[in-house]
Amino acid sequence: MPVSAAPDFLPAVPEIALACAAMLLLLVGVFRGEGSARLVSWLSVLVLIGILALTARFDGARQVGFYGMFVTDPFALFMKALLLVGSAVSIVLSVRYNDDHRIARFEFPVLVLLASTGMMVMVSANDLITLYLGLELQSLALYVVASFDRDSVRSSEAGLKYFVLGALSSGMLLYGASMVYGFAGTTGFAALAKLLTTGAMPSAGLVIGVVFVMVGLAFKVSAVPFHMWVPDVYEGAPTPVTAFFSVAPKIAAIALFMRFLIEPFGGLLAEWRQIVVFLSIASMVLGSVAAIAQSNIKRLMAYSSIGHMGYALIGLAAASPSGIRGVLIYMAIYLFMNVGSFAVILCMRQHGRMLEGINDLAGLSRSQPGLALALAIFMFAMAGIPPTAGFFSKLYIFFAAIDAHLTGLAIIGVVASVVGAFYYLRIVKVMYFDEPAIAFDRPLAPELKAVLVVTAVVTLFFFLLPDPIVGGAEAAAASLFGR
Amino acid sequence: MSHWPLLSLVTFLPLVGAGFILTTRGEAETVARNARNIALSTSIIVFVLSIALWVEFDSSTASFQFVEQARWIKFGGLQINYHMGIDGISLFFVLLSTLLTVLCVAASWQSVHAQVKEYMIAFLVLETLMVGMFCALDFIVFYVFFEGVLIPMFLIIGVWGGPRRVYAAFKFFLYTLLGSVLMLLAILAIYFQTGSTDIEVALTHAFPFGLQKWLFLAFLASFAVKVPMWPVHTWLPDAHVEAPTAGSVILAGVLLKMGGYGLVRFSLPMFPLASHYFTPLMFALSAIAVIYTSLVALAQTDMKKLIAYSSVAHMGFVTMGIFAVTSEAVQGAMIQMLSHGLVSGALFLCVGVVYDRMHTRDIDRYGGLVYRMPAYAFVFMAFTLASVGLPGTSGFVGEFLILLGTFRVSTLECFLAATALFLGAAYMLYLYRRVIFGTITRDDLRNILDLSPREKAVFAPLLILVLWMGVYPSSFLVPIRASVDHLVQQVSAAQGVQRASAE
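Here the protein sequences line up with chains A and B, keeping their order. FYI, the numbering for the first sequence is 1007 to 1489, going by the working numbering. FYI, the numbering for the second sequence is 369 to 871, going by the working numbering.
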């Protein structure tokens, strides 16, 4: 096992710094009392930006620390950058909302920071133990955040549901990990990979172990048939939390999914590919069909995110550098579309009360043309219509699928995207074709406006300057295969 | 030849106009007036620039002209270039798009009152996408424009359309999208064959026959919906009936041509063997389209719906001509598409004229208009006859060339198609008789006003062009000829090789 000459914890400096900062902010909150929520929130955003800068300081080389249990490579850096941005924006979105709903407590940003630490560990996991540590740190923070509006029955229900099902999936994952250890005799990814390159037939126990771990991970990325919790949790949790759930943990989980399958178990491609293909098809189809009947926009976004994970899994099923690249680009663009959409949902307020019905958007194009235009851009992007960014994310995914001769999967994917286009268009229809019914409160909060403008511009004009995201994803994907 | 990036100017100038409209502020009435003026002046400037394309166009070569190339996206092996250029096949479609946009803006001057600003922006964006689509020489660039068209058109039908606009807009969008996404997969498959998304490379690449069949079907899924060919034409009557007048004009005038253009530009030269293999199918579908939709048109009571069905019949002629793959037939198909773009656009404008006054398209509500609206009766007659294919109008040239070219390939097909000449005359003249002749029975028709100077100005260029194309078609055929001859030679050479090797 190559042990670097540099101090062993160097690759994990950003994670360590983030954990320390979270505890420091907890102290700040405790000493300054209840009124410090706003301060702690903005400090947390600063911390996340600082960690992002710290992460960006790593050069492209692959560094392994903690005796091979922790790895930092361009792939991890790319994913960490995405999830840090997602977490930071979620905190920004939550400030005004939490104030208005009298749930402004300093614990919220601290929990998000702790969850982010867990996610970063997940992305960098190079050992089954690290994987589980990161996953649980993330999950425990998320369970609390889901039920953060503790006086609301729906929010408590969401948290409880998430906790019970999440614990079940963690159990499965842990069971699978123990089987892998039992049959392979090691938990290190590098050692596992070496074991599988010898060419011997993998033992059935090992394969079963991998399947169990995959079940746990599929739960985290909310792939069908492990998606049942998603609509309820999305609907019940406070909206900024839903926005957070739909991006950062998804990004971390799909990153872990990719690393877990490609690095140690790349040799079992033939075994796991069929599972990923099934997850992908089921998610795409259910995501597009089940969303049609929804009238609550948060539930609709839940099914939409299930569908999007299905598309991302196509890239994983391709299991090639271009496939992984496709997933990375997909997740980056998904981050912008999704955060933007939730920013619009957070603007749906009347007399200080949040609205969640799709029909409440009626005639938005006439009452607030800017807001309607932004949401229309996001919806066309999610449907994958050019020239929005959403088209390019799907283009790269299908490119990889055709490359890997998964033509059938690609055809099902594009047909599902046409079905899915229906419900995205329905939102555009409600905003543009229907008569105005409700006027939302004005003016919009400045931070919401800023998030909206940035995400809408990126989504619409991605085609002008795609190189930063595409180039970054390319380097990141190459690092996952370049060993 | 000038060194100006003329194609990019023509393509993206409308967006600049749209940007200006976006910045207009103030009273609703002022904003509407400014939006109209900006849209009209922008579209006129773009049209004048596109005339420059025609003037500068070199008719002696089949290669692409006004070529522009720039690096766009690099993604692993996938290098996508911004590559634009036109040849004889695309030249007139660009002109058709820019001309019809001017006329649409002018025709909507008074009939659109609500959200004028957004309406004009939608039309200018639509113009950019249409022109860009006809100029694109890279598959991804082409696809972005091709599918991007759906967004403004969806909004135009849905926001400014008739009572069933929501249904029509969704049907239009989803039908077309389903076809397009299959083409996207085919484009990716082509990339893995040729190693490039460049259209010029793909046009000269010899694909294996087995793959050609699948790729042909995938492209057909997209273009057949756009053309539209029977049996996937059902979105068209709905979309036409519900769209505002100018939307119908663009739909019939340009959007349907995107399908025909695609078949000529891609399906024939890239998949010559598959085209040959599927020719009987294409002939059968075309013949059904021509005869069946003509009969359906006879039974219509809604003017717009009747013209919509006549569009399907006329486009049936076009697909027949394209797959006959003789020089005359393909040239005829090109002329027929241009002619249909002008004539059906004009007919929809004719319907729009009386619809603006009476707010109904029901044929039974009219009659005897000739007594109150002589100028209108004249204009309507001219375009009716052009649609029927009277010698001296553009319709005749196209249909004659198609029949001539098809006769050499299949007598039966030619015979079946020729019945449509008769049916076409029947339904168009029947429409004309019911609307224009007879006695005025309705009281509200007694005060109807004739064409205003603005409306005359809209019809004048269309009328001149239809007659020009009918009397002296060479102005249009000469630029087309080199490219079409080259195409036909290339396709027959490829098919000849195949036949020789099979024997």
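In short, the hints are calculated from the structure, not lab data. Predicted model, so just to flag it, every value in this text is computed and none were measured. Among these hints, one or two may not hold up.
[Claimed, not checked] For the chain B half of the interface with chain A, some residues (derived, Cβ under 8 Å), not all of them:
{"no.": "1", "residue": "Val493"}
{"no.": "2", "residue": "Leu518"}
{"no.": "3", "residue": "Leu523"}
{"no.": "4", "residue": "Val527"}
{"no.": "5", "residue": "Tyr535"}
{"no.": "6", "residue": "Leu546"}
{"no.": "7", "residue": "Leu553"}
{"no.": "8", "residue": "Phe560"}
{"no.": "9", "residue": "Ile656"}
{"no.": "10", "residue": "Leu789"}
{"no.": "11", "residue": "Leu791"}
[Claimed, not checked] Counterexamples of contact, computed for chain A against chain B with all Cβ distances above 10 Å:
{"no.": "12", "residue": "Ile1135"}
{"no.": "13", "residue": "Thr1193"}
{"no.": "14", "residue": "Val1213"}
{"no.": "15", "residue": "Ile1287"}
{"no.": "16", "residue": "Pro1375"}
{"no.": "17", "residue": "Ile1408"}
{"no.": "18", "residue": "Asp1409"}
{"no.": "19", "residue": "Val1420"}
{"no.": "20", "residue": "Ser1423"}
{"no.": "21", "residue": "Leu1431"}
{"no.": "22", "residue": "Asp1473"}
Glycine included, each C-beta is placed from N, C-alpha and C at the ideal position.
Query raised in the report: Any hints this thing doesn't respect? Which numbers, in order?
Result: 1, 5, 9, 10, 11, 16, 17, 18, 19, 20, 21 and 22
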